[in-house]
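Undergrad: Here is how the chains run, residue by residue.
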Amino acid sequence: MKIKFWGVRGSIPAPGPDTIRYGGNTSCVSIHTGSGGLVIIDMGTGLMHLGNTLMGGPFGKSGGRATLLLSHTHWDHIQGLGFFAPVFVGANQFTVWGPGGSPEVLEQILEGQMDPNFSPLQSLKNFSAKFDVRAVPLDGSAFDAEGLTVTAREHPHGATTALAFRLEEAGRSFVYASDVGYGEGGPSPEAIAFYRGADVLLHDTTYRPEDQATRRNRGFSSYEDAAIAAVEAGVKRLVMFHYDQDYSDDDVDALCANARTVLDARGGKSIGLVPAREGEELEI
Amino acid sequence: MKVRFWGVRGSIPVPGRTTSRYGGNTSCVEVRPKGAPPIIIDAGTGLRRLGKSLMEEAFRDGKGETSILISHTHWDHVQGLPFFSPLYRQGNQVHIFARQRDTHLEAVFSQQHDMPYFPVPLSAMHADMHFHELIEGARFEIGRAKVSCTRLNHPWIAMAYRIDVDGAAVVYCADTAPFADILFGREFMVTPPALDQPLPADVIAELDKMRAGVVALAKNADLLIYDTQFTKDEYRLRPHWGHSHPDDAIAIAHDAGVKTLCLFHHAPLRSDDDNDAILANYRQVVKQQGERFNLLSAYEGLELTLGDE
Chain A
0 MKIKFWGVRG SIPAPGPDTI RYGGNTSCVS IHTGSGGLVI IDMGTGLMHL GNTLMGGPFG
60 KSGGRATLLL SHTHWDHIQG LGFFAPVFVG ANQFTVWGPG GSPEVLEQIL EGQMDPNFSP
120 LQSLKNFSAK FDVRAVPLDG SAFDAEGLTV TAREHPHGAT TALAFRLEEA GRSFVYASDV
180 GYGEGGPSPE AIAFYRGADV LLHDTTYRPE DQATRRNRGF SSYEDAAIAA VEAGVKRLVM
240 FHYDQDYSDD DVDALCANAR TVLDARGGKS IGLVPAREGE ELEI
Chain B
0 MKVRFWGVRG SIPVPGRTTS RYGGNTSCVE VRPKGAPPII IDAGTGLRRL GKSLMEEAFR
60 DGKGETSILI SHTHWDHVQG LPFFSPLYRQ GNQVHIFARQ RDTHLEAVFS QQHDMPYFPV
120 PLSAMHADMH FHELIEGARF EIGRAKVSCT RLNHPWIAMA YRIDVDGAAV VYCADTAPFA
180 DILFGREFMV TPPALDQPLP ADVIAELDKM RAGVVALAKN ADLLIYDTQF TKDEYRLRPH
240 WGHSHPDDAI AIAHDAGVKT LCLFHHAPLR SDDDNDAILA NYRQVVKQQG ERFNLLSAYE
300 GLELTLGDE
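Chains as they are written, first to last, in numbering that gives the first Met the number 0: chain A, 0 to 283; chain B, 0 to 308.
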């Protein structure tokens with residue numbers, strides 16, 4: 000699996016000279032599978048740039064297909080969809096797996112973003128690509144995404160929930176766990192079990208612990224939560240993700256240094272630490 | 000009055016190295032009459048930083064007041080509102096003005112806060128929000144400022160605003176297409192119609208009337224802020240998107256006799272270098288045509304003082 004970061008920011012895109020190094024686009028990660036498939040997780044503004052890149056290949060000639068996994072439908076995870084160029088090209092095909100409990104509900108939520116009051120596109124029906132919308136099974140059963148075996152887990156996210164995904168291919172595993180906010184006790188045993196032994200755990204690190212303490216109701220993690228989860232689950236590498244919109248590049252540098260300290264102090268010296276940066280790739 | 004640009008981009012915010020000088024935030028302009036509360040035009044992502052700056056003032060203590068004029072409710076003109084800090088402080092008064100439509104304005108804005116999309120409902124905002132629905136041609140006052148408006152040529156219709164205060168006038172025209180090829184309403188156009196074809200007489204009359212309304216609104220204005228998302232060539236490829244280009248903006252500025260024309264609502268993928276080149280090119284054009292107005296291109300942080308100091 001080859002993982003690439005297109006948007007690593009939380010809540011709202013944060014343009015400006017002080018977010019250039021890590022990037023200001025909202026959540027979007029692509030996974031190129033060993034067998035040449037494409038899986039995309041979340042559709043923040045980073046999706047526009049991924050789409051423009053894809054137009055140079057089969058997607059530009061109406062022969063592309065990909066699976067989109069959607070963690071939840073807050074704006075910063077869907078707002079790139081209307082700007083994703085491949086959806087306006089002929090017969091490109093997308094399978095979309097997301098929350099909502101039924102394909103009809105999920106499709107209606109996505110349709111709401113295209114409401115003519117808000118979007119000149121007016122409706123998903125005006126996309127020429129084919130969308131096959133499906134509801135993620137929440138009973139832990141696996142489903143297929145371009146040859147990857149995927150399982151999902153519902154995590155607490157403030158007053159709602161967000162899905163974490165575990166992607167497996169040929170004995171390798173990648174876990175995407177953004178927008179998770181555990182209770183006072185930290186990562187739950189069920190969450191740890193879900194992350195267990197992953198080659199790469201991408202985990203929400205929206206906040207510093209002191210910022211998280213005053214904003215616990217927002218449903219995000221600190222780098223401390225992420226480091227604890229990584230150590231307890233015995234993962235090989237931890238990716239920091241979904242930085243607060245107010246954090247500058249220098250702030251994220253500090254977040255990263257502190258996360259390393261926590262990992263080392265808790266027995267995770269062997270765990271690799273990677274702060275997600277727009278445009279960077281990671282191979283598993 | 001002072002006019003300050005907080006977001007100058009169209010369609011979608013674009014963080015990154017190639018847009019950092021002009022800025023990647025979507026549309027938001029602050030108009031500050033002397034010694035009076037701010038009047039804000041549009042609530043794109045630029046509103047987030049403006050909100051933080053306002054929290055240094057009366058808004059921090061819940062004693063702030065502002066009016067936000069919304070050109071239209073497409074995402075890039077409203078998506079900053081849920082992140083506007085003054086809304087989260089009890090006592091602040093926030094007035095939202097926008098064009099009347101089939102659905103009540105408050106219901107439209109509530110949708111942005113619905114549960115599947117955003118964690119905090121509009122009804123949970125601590126500030127007092129007041130919604131004011133406008134009809135085309137409405138005139139009203141915000142303190143000493145006199146506000147007028149007219150409709151623009153954009154899918155689902157946008158409003159242009161003029162604010163007269165402190166002996167000067169600023170006019171905001173975004174989003175709009177030229178008044179030449181397509182009359183926009185509510186229809187979705189999958190593909191661009193053929194250009195340079197004769198239009199029906201009633202469509203021509205309607206477009207002429209709309210253009211005359213814009214020229215009248217901008218008459219002798221000190222500053223005209225205008226949607227120039229496209230170059231002329233880009234416009235010919237996508238005339239059905241409802242945006243204009245500098246040649247059209249210059250013609251309007253000429254006819255209205257404005258003092259300064261400001262290019263605005265830059266295309267998301269327009270780099271800083273491209274914007275520099277467009278400005279340099281059109282400064283030549285303006286000079287060659289003998290126009291009497293200054294030409295600027297909006298960037299985040301640009302602040303202009305108009306009229307009485």
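The hints are simulated quantities; they were obtained by calculation from the structure and are not laboratory data. The beta carbon of each residue, even a glycine, is placed where N, CA and C say it ideally should be. Each hint should be verified, as a subset may be incorrect.
[Stated by the list, open to error] Restraint ranges, calculated between C-beta atoms of paired labels, are given here: (1) Ala-211/B / Asp-250/A: 50 to 60 Å; (2) Ala-212/A / Ala-211/B: 33 to 43 Å; (3) Ser-109/B / Arg-214/A: 38 to 48 Å; (4) Gly-55/A / Arg-20/B: 38 to 48 Å; (5) Phe-139/B / Val-104/A: 57 to 67 Å; (6) Phe-142/A / Ala-211/B: 52 to 62 Å.
Undergrad: Broken hints, numbered, in rising order?
TA: 2, 3, 4, 5
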